[in-house]
Amino acid sequence: MAYVPLADQDDAHAMHDPQSFVAKYIWSQDHKVIAIQYGAIAIFVGLIALGLSLLMRVQLGFPDTISWIDPAFYYQAVTMHGMIMVIYLLTALFLGGFGNYLIPLMCGTRDMVFPFLNMLSVWFYLVSVIILLASFFVPGGPTGAGWTLYAPQAISHGTPGSEYGILLMLISLAVFIIAFTMGGLNYVTTILQARTRGLTLMRLPLSIWGIFTATVLGLFAFPALLVSAIMMAFDLLLGTSFFMPAMMELGTQNEHEGGSPILFQHLFWFFGHPEVYIVALPAFGLVSDVISTHARKNIFGYRMMVWAIIAIGGLSFMVWAHHMYVSGMNPYFGFFFATTTLVIAIPTALKVYNWVLTLWQGNIRLNTPMLFAIGFIFTFVHGGLTGLFLGNVVIDVPLADTYFVVAHFHMVMGVSPVLVLFAALYHWYPKLTGRMFNETLGKVHFWCTFLGTYAIYLPMHYLGFLGVPRRYFEMGNTDFIPETAQVLNANISMAAFFVAAAQILFFINIFWSLRNGEKSGGNPWGATTLEWQTPDTPPKHGNWGDELPTVYRWAYDYSVPGMEKDFIPQNEPGEEYEKSAHHKGV
Amino acid sequence: MSFYRDVTKKPWNTVGLPEGIEPRPAFNMPNEKVALIFFATCASVLFSLLVVSYFIRMTVGDWVPLATPSMLWVNTGVLALSSVCFHFAVIQSRKTGTVGFGSSAGILSLAGGLLAVAFIAGQYSVSAQLLAAGYGLRVNPANAFFYLLTGIHVIHLLGGLWVWGKAQLRLALGTDVKDARLSLELCAWYWHFLLVIWVVLFYLMAST
Numbered sequence: 001m002a003y004v005p006l007a008d009q010d011d012a013h014a015m016h017d018p019q020s021f022v023a024k025y026i027w028s029q030d031h032k033v034i035a036i037q038y039g040a041i042a043i044f045v046g047l048i049a050l051g052l053s054l055l056m057r058v059q060l061g062f063p064d065t066i067s068w069i070d071p072a073f074y075y076q077a078v079t080m081h082g083m084i085m086v087i088y089l090l091t092a093l094f095l096g097g098f099g100n101y102l103i104p105l106m107c108g109t110r111d112m113v114f115p116f117l118n119m120l121s122v123w124f125y126l127v128s129v130i131i132l133l134a135s136f137f138v139p140g141g142p143t144g145a146g147w148t149l150y151a152p153q154a155i156s157h158g159t160p161g162s163e164y165g166i167l168l169m170l171i172s173l174a175v176f177i178i179a180f181t182m183g184g185l186n187y188v189t190t191i192l193q194a195r196t197r198g199l200t201l202m203r204l205p206l207s208i209w210g211i212f213t214a215t216v217l218g219l220f221a222f223p224a225l226l227v228s229a230i231m232m233a234f235d236l237l238l239g240t241s242f243f244m245p246a247m248m249e250l251g252t253q254n255e256h257e258g259g260s261p262i263l264f265q266h267l268f269w270f271f272g273h274p275e276v277y278i279v280a281l282p283a284f285g286l287v288s289d290v291i292s293t294h295a296r297k298n299i300f301g302y303r304m305m306v307w308a309i310i311a312i313g314g315l316s317f318m319v320w321a322h323h324m325y326v327s328g329m330n331p332y333f334g335f336f337f338a339t340t341t342l343v344i345a346i347p348t349a350l351k352v353y354n355w356v357l358t359l360w361q362g363n364i365r366l367n368t369p370m371l372f373a374i375g376f377i378f379t380f381v382h383g384g385l386t387g388l389f390l391g392n393v394v395i396d397v398p399l400a401d402t403y404f405v406v407a408h409f410h411m412v413m414g415v416s417p418v419l420v421l422f423a424a425l426y427h428w429y430p431k432l433t434g435r436m437f438n439e440t441l442g443k444v445h446f447w448c449t450f451l452g453t454y455a456i457y458l459p460m461h462y463l464g465f466l467g468v469p470r471r472y473f474e475m476g477n478t479d480f481i482p483e484t485a486q487v488l489n490a491n492i493s494m495a496a497f498f499v500a501a502a503q504i505l506f507f508i509n510i511f512w513s514l515r516n517g518e519k520s521g522g523n524p525w526g527a528t529t530l531e532w533q534t535p536d537t538p539p540k541h542g543n544w545g546d547e548l549p550t551v552y553r554w555a556y557d558y559s560v561p562g563m564e565k566d567f568i569p570q571n572e573p574g575e576e577y578e579k580s581a582h583h584k585g586v
Numbered sequence: 001m002s003f004y005r006d007v008t009k010k011p012w013n014t015v016g017l018p019e020g021i022e023p024r025p026a027f028n029m030p031n032e033k034v035a036l037i038f039f040a041t042c043a044s045v046l047f048s049l050l051v052v053s054y055f056i057r058m059t060v061g062d063w064v065p066l067a068t069p070s071m072l073w074v075n076t077g078v079l080a081l082s083s084v085c086f087h088f089a090v091i092q093s094r095k096t097g098t099v100g101f102g103s104s105a106g107i108l109s110l111a112g113g114l115l116a117v118a119f120i121a122g123q124y125s126v127s128a129q130l131l132a133a134g135y136g137l138r139v140n141p142a143n144a145f146f147y148l149l150t151g152i153h154v155i156h157l158l159g160g161l162w163v164w165g166k167a168q169l170r171l172a173l174g175t176d177v178k179d180a181r182l183s184l185e186l187c188a189w190y191w192h193f194l195l196v197i198w199v200v201l202f203y204l205m206a207s208t
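Protein chains in written order, with the numbering used here: chain A, 1 to 586; chain B, 1 to 208.
There may be inaccurate statements among the hints.
[Stated by the list, open to error] Derived contacts from chain B toward chain A, CB cut-off under 8 Å, selection only: (1) Gly16; (2) Glu19; (3) Ile56; (4) Val60.
[Said to hold, decoys possible] Here are a few chain B residues that sit away from chain A, every Cβ distance over 10 Å (derived from the structure): (5) Phe38; (6) Gly61; (7) Trp73; (8) Ile91; (9) Ile107; (10) Tyr135; (11) Phe193; (12) Ala206.
No lab work stands behind these hints: they were computed from the structure.
None of these values were measured; they are calculated from a predicted model.
Here a beta-carbon is modelled for each residue, glycine too, at the ideal position from N, C-alpha and C.
Make a model of the complete structure from these sequences and hints.
See below:
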């Protein structure tokens, strides 16, 4: 069947504005509503994970203050905190939330290409979250196997939640993967097929490139998690021995034989490492747009940035075993993965240089989104550098089970993406609501969060050097650790409580500003990309009024020499090839 | 390679519409087909990982290969026939321009789907026989892999049958014939893909 040009396609759905409350806000097929649904669920479940981390910090900083935090609960909290933050918050918010909101707007379309599938995606996501949270209420509670769910630990008797908790976790992950696949097929197809006229791939904003590549990674990486989840469920329910070896459980011989726990680790990390980039690449993209807009400068090395995103995406499938140096693998294997790990630092460093060079001599506006974006560069460089340590086998082996690793991955994939999320939420808030947020409150929120997270994670590196083991409920008889480590731990906990409390400012700000914020107008930042050029703010159903926009230029025409305004929107016509002639003279 | 040409451009140098006023998708095919290609790639990754796991698990000493039930050859034939039916249904629909219920394309596609249902029933009966003969999941990992691989393959086929069922319904009611025709083309494509996957899995299990 031949391709039907966009202009001839039936856009009855997109133009038909649903009127009833249920059609408009509940069973909505509008990408903007779906984005908000994704965002709201993700932030809600993220707050639960935040609460769990605070309970862990209470135990670590002030042992045995809360009587019901026992070792079992501690491990359950560790597991649920990790899994929720990585998958149900970050993946869902970046791709489901920002992906859904920005793709059709930035690509100049009325909606995603498969709106019904998109609606199913968000509902499946909600179901997966409900199943996950249900595990708090089943006998034995949620699983306490650690967020990596390693076999044989996860389904051995004696591990918290080894009967129902782990099963609900596996089911929830499978449902999440189905939801992600439905959403993901929508994102890639929309970006590839439905861009408006004039919007070539190389005119796309980097946000879209980041979301696109991350979605492709997700589509190819999540099957690994699905396979391991299904096989683990078989081991648990049907008594097979894919991962479960013969071993003693609670003093009795188990009924399994010959299963390979290493196989589980390989499958898990074949998903797990790309997952880091599924979170990081959209963050890279969004932060590029925020930095360029608020520095009033075109992004430095656009084409390099695109290729770096693609290169990182490709390489991310070749580094997974660097999470497994201490699993007893062949040293040559370790050498290979250490090399690929260091190679991936090249495109990543390139991106960091390009962000800094975009700031260089820019007309920088230090408003809230920009502060968060610059904060991200700091935390990301910091977490990236400790990644170089851990990427090398000889340094990783002594540090692998210490707080150094906790500090590293929280810096690089906890704090950094969250700072980008805040940058992006503040940046696109005016488009989402038509109101400005309170700038002062935003800045206070930034400084509390930025300095506070450093107060949490910087000392953890030192705890790691001291050899303080991670995953421990309490220190016990670890004589080599000085008592001052406990003082440091108490301080870290205080910082964590402070940072958590500071997030209230964010919620006060966004809810207060919904009614009381200054009217923002359509394009308060003077941004070039299409979503700021919609006829209505917030954009109405169908996004673009009667006619789709036409794109005449790339996404980064800021401070073009000889122009009156310091930005030229993508849909503003211009003489063909005028710039190349002009630029030669500059 | 227009995709390659696209991503090697220098976008900051050009203003205007150098490629004309029409929007240009990356691939000159319906959106559904692009999505299906992505989905098939995604499913291929899933099956490749299962195959890799199969090989890794095989190296552990307790592996006792499962004797290939001869019924599987019959099932393979049925699935191949199903795929062939879809193939000719598409060719017929292109040739005659009609896909209505009762037309040659319609009948072929109906037969294709029914043969797929027969394949699933066949796979089920093989599993039931093996279980009855004492080749349980717990007994040996080779058995467990047999049920796992055939099961996941059948689940993918059921997804295809869902789309096929909807298309048949549309053909029977005579509504959205254009959509139904696209669905049939996608079914044909997907059936070939699942046939290839099944042949690979069957070869794997029969040869080890």
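The hints, checked one at a time:
Look at glycine 16 of chain B: its Cβ gets to within about 4 Å of chain A, closer than 8 Å, so that hint holds up. At a threshold of 8 Å, the smallest CB-CB gap from glutamate 19 of chain B to chain A is about 7 Å, leaving the interface hint in force. Hint on isoleucine 56 of chain B holds. Least Cβ distance to chain A is approximately 5 Å, under the 8 Å limit. With its C-beta approaching chain A no nearer than about 5 Å, valine 60 of chain B sits inside the 8 Å limit, and its interface hint holds.
The non-interface label for phenylalanine 38 of chain B is inconsistent with chain A: the shortest C-beta to C-beta separation is roughly 6 Å, within 10 Å. Some Cβ of chain A comes within 10 Å of the Cβ of glycine 61 of chain B; the nearest lies about 7 Å off, and the non-interface call is violated. The beta carbon of tryptophan 73 of chain B sits about 26 Å from the closest Cβ of chain A, which is more than 10 Å, so the claim that it is off the interface holds. Residue-level check passed: isoleucine 91 of chain B sits 14 Å from the nearest beta carbon of chain A, beyond 10 Å.
No beta-carbon of chain A comes within 10 Å of the beta-carbon of isoleucine 107 of chain B; the shortest separation is about 20 Å. Separation of tyrosine 135 of chain B from chain A is adequate, the least Cβ-Cβ distance of about 13 Å exceeding the 10 Å criterion. Annotated as non-interface, phenylalanine 193 of chain B keeps its C-beta farther than 10 Å from every C-beta of chain A; the closest such distance is 15 Å. Against chain A, the non-interface label of alanine 206 of chain B holds: every CB pair exceeds 10 Å, the least being about 21 Å.
In this structure, the earlier hints numbered 5, 6 are contradicted, and the remaining ones agree with it.
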